[in-house]
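Enquirer: Each chain, letter by letter, is given below.
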Amino acid sequence: MRDFPRIIIGLTVACVLSAFIMGTAFVFTIKAKKHNEYMEFKEAMYGVLGYGHKNPAPKSLQFHELYRYIMHEPKKDYMGYMIPTKDGKYCFVALSFDGSFLYKKNLNISEEEAREDSVRQKALLKVLDPSVKFFYANKIIVAVNNGKRVAYLLPRAFPGFKTTIKVLLALNPDYRIKGLEILEEEEDPGLGGEIKRKYFKNQFKGLTYDRVVKLKVIKKPLPEEYRRCLEQEEEFTKEQIEKIREKYQDSHIYALTGATISSTCVTNGVKNIVKKFAYRIKVLDKVLKEQHIQAAI
Amino acid sequence: MPGKPKSNFELVLNGLFNENPIFRLALSMCPAVGISTTLMNGFLLGLAVLFVQVASSCTISLIKNYIHPKIRIPTYTLVIATWVTVIDLVLSAYFPTAYKAMGIFIRLIVTFSIILMRLEVFAAKNPLIPSFWDGFGMGLGFMFGMMTLGFIRELLGAGALFGHQVLPAKPLLFFILPVAGFFCVGFMMAVFNYVEYLFKKAKEKRAEG
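Taken in order, these protein sequences are the chains called A and B.
Residue numbers for the first sequence follow the working numbering, beginning at 1 and rising by one.
Residue numbers for the second sequence follow the working numbering, beginning at 1001 and rising by one.
So here's chain B without its partners, still in its complex pose:
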């Protein structure tokens, strides 16, 4: 990371907007498209990823000095798999209905590229506290992305929010299908890019004036 170290607040914001995993980095698209059919699913998977990301970031930043550089990727995977198993067991024990809806996607968190990438890029080079906030921000960004997609898709596809019917009809049934997931992601990327463009313009104006 070049430049001066970021504050904790900036790290969280970075995960939420500047480097949002789904809309800016376009990582972990498979679950984003597959699971975000309803707001609740998006929220739950987001929560699970948040936990796994924070836990593995903290673990790796604590043990980074003991990891041999040649086996760092297997070690990261092992750490992620451990925390995923923990959350898998906890969810299946205390939230059985949610666990049923999520099914295999909880276990697939092991393969989410975003978590591995954060460990490699950030947690392996930074102390505990920044790693925690970075993991928290990234997890929050993922959750935010999943919930946004879930909101759009559930509202348009089923006319409902959190399972409660809010619209009298189902406006566009096809939003439930995976194809529409891609459309939503693309649309949200465009929105993010446009907002960034506006910010840049405002900045330039300020610099000039």
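Extracted from the complex, chain A is given alone in its bound form:
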């Protein structure tokens, strides 16, 4: 009994000291870690656009990030976009759900700074009315080359069979799918986990908007020729790939053996992303044009 105070004090001091050491290490490493994560993500972005070691991306290719927010006011809800402008700063554009323009505010943050959640939050709090509540929804990355839009990159998440699946979807300006990358998943290894294999995810490549919206999963074996084309794209010329796609690609995705639910989840997820995005970007573009906003995208 006599030892109790000593034990309690000893353990507390030990815990505080170790927390101090761990905290110091965290503070010193967090910046490098964030940078790593961003570089990894950038690599995934280049990968999904079809650039790699063999054909490096052109130097003029730039990425601009748009952030979408859901806004709550006491009486109404609406959407807000943080849009990069030509002078390297951001502006905040609020739209109602039916697509009409509400208001515009200028934010004094650079694109580099805006990648940090807390910086965006602070900048928004400064310009918005205090009664407005806002929640970050997702972001749209626009790849721009020489002033022309090359692709839209959409980092999104949707429910899978077990947990959330995080994907990066690349779309052409005409909403044709340019590539799909699975960033994070925890499906069953060997069954649902196969969604990150080329023969599944590449089935989405090249699907046009009309096909994507009608997409469904079929339980049929994947034809051998199609599979080879999906797995080893490098061995085929562009014309051959086009031809094989023409032959097999319709409004369907071949389900993975023993993982129909995972396949359906991904297919529906992609379908939803494309549908919503195509609508939203059309609305946004219209507003940007009407209001003469000098957007960098």
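Be a bit skeptical, because a hint or two may be false.
To be verified - If the Cβ cut is set under 8 Å, some of the chain B residues that face chain A in the computed set are:
no., residue
1, ILE1067
2, ILE1073
3, THR1075
4, THR1077
5, LEU1078
6, VAL1086
7, LEU1089
8, VAL1090
9, SER1092
10, TYR1094
11, PRO1096
12, ALA1098
13, PHE1105
14, ARG1107
15, THR1111
16, ALA1169
Stated by the list, open to error - Facing chain A, from chain B, some residues (calculated, C-beta under 8 Å):
no., residue
17, ASN1065
18, TYR1066
19, PRO1074
20, THR1085
21, ALA1093
These are computed hints drawn from the structure, not numbers from a lab.
Quick caveat: nothing in here was measured; it's all calculated off a predicted structure.
For every residue, glycine included, the Cβ atom is placed at its ideal position computed from N, Cα and C.
Given chain A, work out where chain B should sit, using these hints.
Expert: Below, chain B without anything else, positioned relative to chain A:
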């Protein structure tokens, strides 16, 4: 520790050969079998363990007088966990590719019996400098064991070293599997025992002659 105190050099040698954690004490077998599939993995985990072992040995030998004997094991675990977290953060920040390959095993260093055993047996009873050398020797011994296993398994399983193909083919693919890890450990134990046997014999001969 009975007998006269060992010199620093002897302490390091002790960790490397006489009491090699993997081949003589057969401690921390789980990572030894699980991670040592390639030379690089073995080296990195070895390095991480070396750091954690040295850091915790030094810490414990510095604060040993303040630790209440009834809570010494929780305190040791806390110290180990602290240093493991530090190296985990550092690796994830500055060596992302290696960190990805090691994954959960870095965090599992907390449970490595070899580190706790060295703290209990040595660092809690000895001053700073011998504790440092003992931790260094033990960490080096672990690294040596992991690298030996990694060398054998990568060479035989994948025909490569440090990821570079050195053999034209993959001789025995099954060496990559965990089962082969046990075979390798057993084989290395036999080698260690045989060498010890030879030493003993030579010593006896010298004593006689």
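Enquirer: Have a go at the PRO1074(B) hint: is there a Cβ in chain A nearer than 8 Å to its own Cβ?
Expert: 7 Å, holds
Enquirer: With 8 Å as the cut and Cβ atoms as the points, is VAL1086(B) at the interface with chain A?
Expert: At about 4 Å, which falls below the 8 Å cut-off, the nearest Cβ of chain A leaves the hint on VAL1086(B) intact, so it holds.
Enquirer: So, as I understand it, the hint says ILE1073(B) touches chain A; can you test that by seeing if any CB pair is closer than 8 Å?
Expert: 12 Å, violated
Enquirer: Given ARG1107(B) as an interface hint, is the shortest Cβ-Cβ distance to chain A below 8 Å?
Expert: 13 Å, violated
Enquirer: Taking the closest Cβ pair, is ASN1065(B) under 8 Å from chain A?
Expert: For ASN1065(B), the interface hint is violated, since the closest Cβ of chain A sits about 11 Å away, which is over 8 Å.
Enquirer: Close enough to count: is the Cβ of PRO1096(B) nearer than 8 Å to one in chain A?
Expert: Holds. Min distance 5 Å.
Enquirer: TYR1094(B) was flagged as interface toward chain A. Is the shortest Cβ-Cβ separation under 8 Å?
Expert: 6 Å, holds
Enquirer: Return the status of the interface hint for LEU1078(B): holds when the least beta-carbon distance to chain A is below 8 Å, violated otherwise.
Expert: Check passed: Cβ of LEU1078(B) comes within 5 Å of chain A, closer than 8 Å.
Enquirer: Have a go at the ALA1098(B) hint: is there a Cβ in chain A nearer than 8 Å to its own Cβ?
Expert: 12 Å, violated
Enquirer: Identify whether the interface hint at ALA1093(B) stands, where standing means a beta carbon of chain A within less than 8 Å of its own.
Expert: 4 Å, holds
Enquirer: So, as I understand it, the hint says ILE1067(B) touches chain A; can you test that by seeing if any CB pair is closer than 8 Å?
Expert: OK, holds: ILE1067(B) within 8 Å of chain A, min 7 Å.
Enquirer: Does the interface hint hold: is SER1092(B) within less than 8 Å of chain A, judged Cβ to Cβ?
Expert: 6 Å, holds
In this structure, the hints that do not hold are numbers 2, 4, 12, 13, 14, 15, 16, 17, in rising order.
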